[in-house]
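Please construct the entire structure, taking both the sequences and the accompanying hints into account.
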Amino acid sequence: MLTKANTPLPSAHYLMRNSRKPLLFLLPYLIIGLIFFAYPLYKAIFLAFEQTHGVHTKTSVGLANFSTILADAVFYRALLNTTLFTFFSIVIQIPLAFLLSMFLQYSQLPLMHFARLCIFSPYLAGQVFTGIMFTLIFAPGIGLANQLIGIFAQWELATNWLHNPKLVMPAILIASCWMNIGLCTIYFLAALQNVPRALQEAARIDGARTWQTFRHVIWPSVKPVGIYVLILTTTNAFQLFELPFILLQGTGPNHTGLTLVGYLYNHSFLNGNLGAGAAVGWILTIIIFVFSLAQIKITTGRHTL
Amino acid sequence: MITRQRLKTGLNWIVLSTASLFFIIPFFWVAAGALKDKSVFTDYLFFPPLREWSSQTLNFNNFRVLFQGEETLQGTVYFWQYIVNSLFVASTTTVLQLFTSALAGYALAFFHFPYKKTVIWLLTGILMIPPMLLLSPVYEVIYNLGWMDSYLSLIVPPAVNSVGVILFYQAMKTVPYEILEAARVDGCKEFRIFSKIVLPLVKPISATYTLVVFLTAWGNFLAPNIFIHSHEKLPLTVVLNMYVTQYSEQYGVFLAGTLIAIIPPAILFLVLQKDFVRGLTSGAVKG
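Going line by line, the protein sequences match chains A and B. In short: position in the first sequence from 1, add 1171, done, that's the working numbering. In short: position in the second sequence from 1, add 121, done, that's the working numbering.
If you're looking for bench data, these hints aren't it; they were derived computationally from the structure. All values derive from a computational prediction rather than experimental measurement. Every residue gets a Cβ at the ideal spot worked out from N, C-alpha and C, and that includes glycine. One should not assume that every hint holds.
A partial selection of chain B residues facing chain A, derived with a Cβ cut-off under 10 Å [what the hints assert, rightly or not]:
| id | residue |
| --- | --- |
| 1 | L248 |
| 2 | Y372 |
| 3 | V392 |
Quick partial rundown of chain A residues pointing at chain B, CB under 8 Å, derived from the structure [to be verified]:
| id | residue |
| --- | --- |
| 4 | P1193 |
| 5 | L1197 |
| 6 | F1207 |
| 7 | A1215 |
| 8 | L1307 |
| 9 | C1348 |
| 10 | W1349 |
| 11 | L1435 |
| 12 | F1440 |
| 13 | L1441 |
Given below as structure tokens:
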């Protein structure tokens, strides 16, 4: 991402004389960032080692927050749910999005524009309104999901997706994929449109097979975007919260819809234990950090950021 | 060869229309549900067949119920109030965040200053921190500032976002430095160079980022849930989430509200569509 950051700017002497100017331009960002990002971050470090009682009383408890969480079965339930959700999001969303983008790229214009708009439109609804829409879509009796599946297969119209422990995770995944595939598709489509035309022509004239063209001409252009989409999907999936929170109006039967951020929310804002919430937050940060680094390392084969 | 080409076109049509249907059907269902009368809601999956269209089957009753106002501790609050709240908070957040990000991106792209590399590294690192981790310390700050139950608590904290700074920094790096040099020689003030020369040149990324920020702010649920207590100041997200239980017997009313809530982002997208896709490309390929 930052490899080209250091191309030398000309006339450095001019810039040196005006060394106050960049600070002026950075000032709005810095002031708000200090108050609402840096300071809270600094506080969050201490908070993880404290126990709060109300807003103003705190006692230092050392690593107790972490040991309580790591001994809590619900935490592992949330970790498992989030990991499963992330895994399936990646496995379902990315290949489907890529396939759709290929179909879009190689179809005629009016169809392509219309289909692109349709596929992308769910993203505009956002997590919250997607959640609100799907509470009714998954509702027993009147819901769209049961009625549609009922047309194609034997399916109980009274199926209650959001109260059935086996169907909670699929329901969240369906709603989430419905909303997010469009964005991934647009990213891939943008990458496909950047594949040099001349190169594709040359490959065709040289008699390259479809697979060879794909492997050696298209794939190199798509790969960096693919990595970006992979990291984006992973980071977002690990931070899933609003969608299941609204769909289930809680955590679902036996916590089957509880995510790590939901677990954090419960600690901080339902139980008023801000310290434990912060500790969960740091655990989540470490997980996201490790996953992102690992993905970058595996997919690029080298250590770059 | 011709048949093969036809087969390909046919396959394209089938796949793309199935996909389009899958993604568009929920919206269609919501629109139908909002317009159908309560009495016939379960009679038709979507809209009733054309010959049964009448004011008994399709009407605006759901919208009428939605807009009739509700009694709260702050007196009668009408639904349009929530729409105005959401619009106000989302648009001010968008403008403010775009402003701080573009300014900071400009400073990074066109100036040398000490520790610049460290700053860029920090900005990238910040992306990995889940915003939720900071929610309780931010709560404390807002409490101490006396911003509880004020729109400020929703607008100011999200005004800084390192994603925006990085996007603008990368886009502005591609602007030829000679243009700035010429303007500076001509005695153009730095802020004018920023607003009149550089910003128009990075229009695609501005469009993309505008939409992304607006969508995030429009869908902001957690912050108003925690910071806002007066009913009259609530945004659509929180209110519609309440309606899930409040109107659990009148699906149409609640679908009408959802339909309204999706319209502003859709309009913004249609306006920005062309630049949005271009901006996404430049951001993704380099990011």
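Now the hints, each set against the structure:
1. L248: Constraint on L248/B satisfied, holds at 8 Å.
2. Y372: Given a least distance of 6 Å, the restraint on Y372/B holds.
3. V392: violated, 12 Å
4. P1193: With a closest approach of 4 Å, the P1193/A hint holds.
5. L1197: Holds, about 5 Å.
6. F1207: This interface hint holds because 4 Å falls under the 8 Å limit.
7. A1215: Holds. Min distance 5 Å.
8. L1307: Given a least distance of 6 Å, the restraint on L1307/A holds.
9. C1348: violated, 10 Å
10. W1349: Since the shortest Cβ distance to chain B is 7 Å, the answer is holds.
11. L1435: Hint on L1435/A: holds, closest Cβ of chain B at ~6 Å, below 8 Å.
12. F1440: For F1440/A, the interface hint holds, since the closest Cβ of chain B sits about 7 Å away, which is under 8 Å.
13. L1441: Cβ of L1441/A sits 11 Å from chain B, so the hint is violated.
In this structure, the hints that do not hold are numbers 3, 9, 13, in rising order.
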